Structures are given as C-alpha cells and as structure tokens.
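K.L.:
Hey, can you work out the whole structure from these sequences and the hints?
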Amino acid sequence: NPFAGLVSHLRASWLSGKTRPMEYRMAQLEALGHFLDDKKQEILEATASDLGKPPFEAELSEIFLCKNELHETLNNLSHWMKDEHVDKNLAMQLDSAFIRKDPYGVVLIIAPWNYPIHLFLVPLIGAIAAGNCVLVKPSEVSKKTERIVAEALPSYLDKDCFAVVTGGVSETTRLLENKFDFIFFTGSPPVGRIVMTAAAKHLTPVTLELGGKNPCYVSDTCDVTNVARRVAWGRFFNAGQTCIAPDYLLCTIEMQGKLIPALRKAVDDFYGPNPRESPDFGRIVSDKQFQRVQRPLGSGRVVIGGQTDEAERYIAPTVLVDVQPSDPIMQEEIFGPILPIVVIANTDEAIDFINSRERPLALYAFSSDDKVVNQVLERTSSGGFCGNDTLTHVTLTSLPFGGIGNSGLGMHHGKFSFDTFSHHRGCLKRGMGWEPLNAPRYPPYSQQKFGVIRATSKVTRKNYCTLL
Amino acid sequence: NPYGGLVSHLRASWLSGKTRPMEYRMAQLEALGHFLDDKKQEILEATELDMGKPSFEAFFTEILLCKNELNVTLNNLCHWMKDEHVDKNLVMQLDSVFIRKDPYGVVLIIAPWNYPIHLFLVPLIGAIAAGNCAIIKPSEISKNTERLVAETLSCYLDNDCFAVVTGGVPETTRLLENKFDYIFFTGSPPVGRIVMTAAAKHLTPVTLELGGKNPCYVSDTCDVTNVARRVAWGRFFNAGQTCIAPDYLLCTIEMQEKLMPALREAITEFFGPNPRESPDFGRIVSDKQFRRLRALLGSGRVALGGQTDEAERYIAPTVLADVLPSDPAMQEEIFGPILPIVVIANMDEAIDFINARPRPLAVYAFSCDSKIVNQVLERTSSGGFCGNDTLTHVTLTSLPFGGIGNSGLGKYHGKFTFDTFSHHRGCLHRNMGLETLNTPRYPPYTQQKLGLLTTTFEVKRRGTCTLL
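Line by line, the protein sequences are chains A and B. Taking my numbering, the leading residue of the first sequence gets 1, the next gets one more, and so forth. Taking my numbering, the leading residue of the second sequence gets 1001, the next gets one more, and so forth.
I should point out that these hints are in silico values taken from the structure, not numbers from a laboratory. In this text, all values refer to a predicted model and were calculated from it rather than measured experimentally. Among the hints, erroneous ones may be present.
[Said to hold, decoys possible] Derived pair list, reagent style DMTMM-like, types lysine to aspartate or glutamate, alpha-carbon separation capped at 20 Å:
#1 A:Lys-18 - B:Asp-1348
#2 A:Lys-415 - A:Glu-23
#3 B:Lys-1201 - A:Glu-177
#4 A:Lys-144 - A:Asp-37
P.N.:
See the structure below:
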C-alpha cells in the first residue's frame, strides 16, 4: 500500500489537534489565497496549455470564483465554527443543548481536468475550514496544471496536514484502498460508482459531483436573441467542457427556425467568422476526448460549425438540428462545443422527455412567461436549476451546488462546503445534581411516572399553518 | 427480480406528482398518528412478546417519541417545504434566488428489531414529509411487530405510494438489487457496508445509523449515586439492546470501588432483589443473541448479576469488573444488559483509550467539573455526546442524531429527517431581458470586461471577526 504512510502521517497530525484552532485554519486559508495570487500567471499559462483555456475564462473560474469562496469562508468561519444552540424541551431547560461542528479527520479530494484548480480548491477550502487534514489528487489529464499543484501548493500549506498525490487510474485505485474519513469526488458517473464502492468498504461518507446531459428547454415565448447568446455562452465556454453546460436544446420546430440564425449571430459576435482564430475559444483537453467528442458529429445535420482540426484538438462551435433521441450525440454527456437541438411539440413533451432520462446536474428553461419556467422547475428533478440563463446559478456562494441520482449526491459551495466537511455532533450537557428531575423515568415504572414524563417531554400539535 | 413490479409501481406514483401537495403529505402523516393511537395496545403486546419490552418503555419509545416527531413535523412542514430565499450578489439583485426542497423519489427504509416501530416510523415521517414514496422493510427478528406492521400499516397509508416488504437476508438482498432514490438503514456496521455497496451501484445516497461501543467515562469528581443511577438506567433499558447505550465504563480503580455499591443499589431500586421477577426488565430478543451475550460473561469478573436463564432468554443486569481491553466483552458492541468496567489511571488515558478505537455513536462523560466534560467532548469524536447522563440527548428533536466513521453516516430527527429525505435544489430565475447586464461576460474578452465582472460578482474580504 504505497500511500499508507502518507495517510497515517496525516491522520496522526489530525489526531494531534493541530487543525482545530480557528487561527490555524484561517492561516492555511490565507495561504491558499497567496497561492492563487502568486501563481496566477502560471495557472493561466498551464490551463491555456492544457486545454486552450482563454486567460479571461481561467482568471474568472480558476482565480476569481475561488477567491470569492475563500473570502466567504474567511469572513464567516468564526460564526460557522461556533456551537449552535438549539431549542430545548421542558425537561432540559437547565441543560445545555447544542450542535458541535467536528472535523471528519483525513479527507480525500479527487478533482477532474476541466476546471483543474477550481474543482479541487473550492472543496479544499471547506475541508480546511472544517478542521480536516486533506489529500488532494488533481487530474493527470490536465498535466501542466497537475505539475503546478504538485510542485507549488505544498509550499503554501502545512505539509503535516495537507498533501498532493499525483498519478492515473492505477494510483487512484491504490489510494482508494486506504481508509479516509470523507471522500469528495468530481468526475464521471461510472468512476463515481467505483469511488462510492471503495468508500463503502470503510463506511466513508462521500460527496460525488458527477454529470449528465443537462437539458435546455426554450419555449415559444422568448427573446430569441438573448436566449441564443446565453445558451451559446453556456455551451461554448471552455469549449463545452463544463459539467453544467447546456447539453442539448429542446424546442418546437418554429423556435428552432428562429434560433439558428440567432445562434449563428451569437457565435459570430463571440468568436468572429473563424472561431479557430479567436483567442477566446478553447480546445479539447486530449486526443482521446477529441476523438470521443467529434465522433457523433454525424448525428442530425450540421447547421453551424462542424469543422475540426485534430492537430489542434479544435472543434468549432457547432449546432446540430434534426437530432433524434436515438442518435449517438444523445447517448452520453457531450462535454464539448456541440449543441444538438431536439424538436418537441410543446412544454409537456419537453418535460416528459426530460423525465424519461437520468436526472441531470443542471436544468435550464427559457421563457418570457414565468409560469412556463415554474412549470418546468416544478415537474422535473435535477441537481440545480436556472431559468433564463445558463451556468450562473453556480456562481452564487449562497446556493448549494450538487447533483441528484446519476448526477451525484451531496452538495457544496459557501457554507455548504463547511457543512459537508464537518460532522454535526448533537450534544447535551446536563447537571450532575437535580436527580429528582430524573426520578420519573426510572423503574419501578408506574402510570403516574409516565404522566410526568409525557408532560415534560411532549411536543404538542399546534394549529395548522395556512401560510404557504 | 421479485420486487421490480412493486418498485415500479411506487416510482410511477411518485412521478405522477401525487405526493407533492402539502395536504397529501399532512394527511399521510396524520394517518401515521392514527396508526400509533389505534394500534398502541397491539404494539405494546407485540414488543413484549418479541423481547419482553416493558410497556412503560414501549409506550415511551414506540409511541410517545414517535408522536413527538410527528407533531414537530406536522407543526412545521409548511415552513420546511417553502422555497428558502438566499443572499444575492450585486448582479442578481433583480433575480429570484432560492433553494427548492424536492423529494428524492422512492425511498427504502430498513429497520432493526430493538425499537422496531420507532426505527422505521421516525425515518418514515421525514420521508413522507419530504414528498417521497417509501418501502419499509421491518426486521424479521421482532416477528410479532413485523406482522403487525405488515398487516396493518397499509390500511392507514396510501398503498400507491407506501408499501411494507417482509423477509430475511435473502429477501433484503433481492430488494437491494433495485434502484432506490434514497436508502435509510439502521443496523450493524457489517450490514451497513453491504447496503452502501449495493447503493453505490445505483449512486443512491444513503443514511446509515450503525453502532459501536459507546464509552462512558466517569471522573473521580462526581456524585456517585446519581452517576450509578443514570448509567444503570441507560445500560439496562430494553435489557441493554439500545444502539446508544453506554457500552463500557472507564474510571479509576478508586472510582470502580465507589461505583460498585452504588450500581448495586441502583439495580435493586430499579428491578428489586431478583430482576427476573421485575415486570420492568426486558429479555433478549433471540436465542442467537442470548448465546452471544452469555459468552461475554467470562470477561473480567462478575461483580453484580451474572445470572442467566436460556428458556426465558433472561440475562440479569450485570456489571463486570477488572475487564481487560483484550477480553471478549471489549471486542464487539455488547447490546445486552452487561456493563464492563475498564480501569484507567486518569482522564488522558481514558481519552486515548476512546480515540484508539472506532468512533462510537455516543460518548458519555460524567463529572462535576464541567472542564472535564468539555475536555472529553473536545478531544474525542463521536456521533453524539452527552455529559452527565445517558440516552437523553437523542430525545430532543432539535438535535441531529447520527454516527461518524464506523457508527454511521448521515443524521436525522426533527427537521434533520426532512432535510435528509429532500434534495436541496439551488435555483436561479433570471429575467428574459436586461441583456446588457450580461455583456461583460461574453467574448470577445477584454480586461475592461473582466474588471466589470469582478466588480459585480465579487465577495470582498471583510475585517476579521474577533467574537468567538
């Protein structure tokens, strides 16, 4: 077991109590902030090299959104860490009843390649804030970023409590043989199953941020220009390699007719007549992913884009129409800059289409009519939801981010990260005296004693609450 | 797959939206209350037949505590169900941002035999409250209660949405082959692993309420009489068959000397000179469990009790002194009316002893000195904690109840049950217009645009909070 020594070392550090004081956690978090500031240029360069990530996008997702999470945590940690005092019943009025936020211990964070800093760093913030020791496993697919994390991050954090492990599938499999106290995994559903199965051997709690095909319903009543821009932005950001990107569009044949020129205009506005020459459009991360993404291009009919260049791993911003549910492009999460349009007759059909498939990480509905947006929200199930936009719902630290069903379990962002990585320990502290208060519960049992117990611990039914 | 049809039926009912309206959920919950009222006598009789459960105890745990949970839920459901509006950043001031509480879908609740009504009914309350359909699998070991649940519960609940499945290990294994949207399991850690492994195949989220050896530390400064009564009560309630019972006692040799007569006095006071004749002391649930417990009696030396009667499955309230960590009684969760005392030199040794073992469901610490109680709380990790008492911390609906490490994952009781069985869906509803607000994010990217974005989305670092 090649990682046992490392895991033991981290566990010993955690048991020493080193990570408990708030000052320690704040210092580690501040150091993470310095990492982001000092290494910003290297991060932009590494992600540009790894997946052609435009520096604007990298600065936004890998630096700025991370610093927001950091600040949110630094601003509130002392409140979050406090014991939460709770309502008491009659019998416990003299007692202290509260929820203590305890660390889990040694936490494993496994991150993917598409937002390679963000997707380990944001969970790491919560793990540190909650007082855990952490092992970070960045993705080997985004090689240059992996190297920065492995070489630079340890200089910023306490090596006794935080470590980076690199490697591929075989190393991660060996790593998962160890007992961790929490595992946070971001990646694909098949690997999510493997991680959860490994976790089950040790009864390790997990958060799995997975993926799926995020539907994007566009109703007939909408501002076509705005919809096209918002959808195109969400689909082509990071060359489509975003777990919450709109994966496919559902609309009527009339709306499809209106959307295509609007999408064409949006793509042109964003990337110019030849997106391959735009500095603002990314590339596919690897040859393997390139082959996978461009393979289903035969689905339906190309109306926008469709060009590819294997040497550059370039796939043009592409829109497909006349796509059938049975087409290859509709069989798996696309994770690339291709937007298929599937024609449906009306909102009900769109909802049925969505509900007959795996529950996605995100669900999008565009309509000028609020009732339509609310209908879609009400009658579907997904990790998160955004009406009249794409992606932005996950930029707010006050909203929980997580999947359901095949798209994952658990949630994080903001305080939810802290809550995810802390054990909420129910605590009751009673007095050593006051023994007569306990007398009714002891044998020999009697009806009278039961009456006293019932009177002091009962929760009465109150009147109906009609406010909804 | 013998249960495929049943699970499909429940899933179809859930997809029909039947369980969504608050009125429906309230009606089902009220019906659960009627079940408890109408079948109270049958429940007392069945649990007495199953494990000699004294009526007082059955009334308290199987009826009263369940009704408390029911009333907390009925009183608050409309509030819990509401969309939770959250803080917005500058750019989303005109948007609607909230957390929607969605059901998971079809839930499986597997319950054990020791509190056979309570341990399926309290989770069921939360599952119904959150809008799910549910399959209940009561324990086949508490046969009479199982029959009662299987035969009568369905008369109270909507058979389209709720069902009871009976059987043993093979049936439960077949049941677990199906895809559920949530699994709530109460039982032993080895079976917890099996359940989580089965859940992992479908990426099904789980709550596992398991067990372990709950340590009970008694410091030298305490009221020996009160400690003895509170510990004896917690240990011998339900003949020790309680997941949160104090499993073993840690104290100095001097305290052991003082505790012994106090424990003898408490047992005599509770159960009389011959507990076998007391109507207030239970029996072991099965021959297998009885034999398992009897084998533990060779640990250390019997200081109190020790008598057994196989025909009645009676084991006397027993205290073992001079128990060594290597003794049989210290190798597994006792789950019977036997209290071993392990002698340690001081509090630090006690804490080290506790921390060298799997994390328990409950930790108990008795001391007149609150600093000592706080030390034990601070330096150990457990599901829950109670200072100067046993068991009572789980009777408060405002405290979360759950394990950590080997003792489980997830939590419930009160609102925590509702939260466990609902998916917290982050939602953002934006305006179809106001497109100019979005322009800074679109390509072509510029420094100016980045500056605008960061200004409107930024979470600033505030001055340090010094209140702790």
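K.L.:
Kindly indicate which numbered hints from before are broken by the structure, ordering the numbers from low to high.
P.N.:
none
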